[in-house]
Amino acid sequence: AQTVTQSQPEMSVQEAETVTLSCTYDTSESNYYLFWYKQPPSRQMILVIRQEAYKQQNATENRFSVNFQKAAKSFSLKISDSQLGDTAMYFCAFMKPSRGTSYGKLTFGQGTILTVHP
Amino acid sequence: ETGVTQTPRHLVMGMTNKKSLKCEQHLGHNAMYWYKQSAKKPLELMFVYSLEERVENNSVPSRFSPECPNSSHLFLHLHTLQPEDSALYLCASSQGTGSNSPLHFGNGTRLTVT
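For the protein sequence lines, the chains are A and B, in the order given.
Under the working numbering, the residues of the first sequence are numbered 1 to 118, in order.
Under the working numbering, the residues of the second sequence are numbered 119 to 232, in order.
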């Protein structure tokens, strides 16, 4: 079974600065998908960024980027130029390809609460 | 506006009550999910429906009963719940599998069992 670990229960950062959230996972699969989701106080889980394990290039979405280290099974999220609206709980998630099916199961970490201070 | 809508937003029920949570997706997806989010615990997958057929049931107690009448609607029927069932219940949907088919979530139902 896959496990996902986020070792930082809480983080804080000043507005406009950069912060990195950590995530490690354990799997015997060679191909899989990794995601970062954001859950603001509105409670809706919002996809922030995704990464395919077979791609060596780190994914980037505007101010959000990842540092994917496959051998170390590490998938950290870097938020640049932090904004007040980035305040939320961030979840790292793992998806194993489900061959022959039309759905995918996500395994989540415990989450990291990020607070951006003005 | 979210493509996945959950009602009610909040629910308080006694241990002997029967209630239902509703989820509706407007994205044309073919898979729907129920997750339970408890404080200080990772999200737990409860049920998965693919093409209206239940394909996953992660050892969820029988006091939780899912129903998927069509590809756009998913219900979670609740009866004889326990206080430890108090949590945020999240519905999600997806189309296909893989990184190009991420899950889209609703805003959740905050359930309190008294």
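The set of hints was computed from the structure by calculation and includes no laboratory data.
Among these hints, one or two may not hold up.
Estimated spans, in silico, between C-beta atoms of each pair [unchecked claim]: (1) A:Glu-15 x B:Arg-127: 28 to 38 Å; (2) A:Asn-58 x B:Ser-180: 24 to 34 Å; (3) B:Arg-181 x A:Lys-78: 19 to 29 Å; (4) A:Ile-46 x B:Gly-214: 17 to 27 Å; (5) A:Ser-28 x B:His-197: 38 to 48 Å; (6) A:Lys-70 x B:Lys-136: 25 to 35 Å; (7) A:Gln-2 x B:Lys-140: 44 to 54 Å; (8) B:Ser-180 x A:Gln-14: 46 to 56 Å; (9) A:Ser-7 x B:Met-133: 20 to 30 Å; (10) A:Asn-62 x B:Val-130: 20 to 30 Å.
A virtual CB, placed ideally from N, CA and C, is assigned to each residue, including glycine.
Can you list which hints this structure breaks, lowest number first?
2, 3, 6, 7, 9, 10
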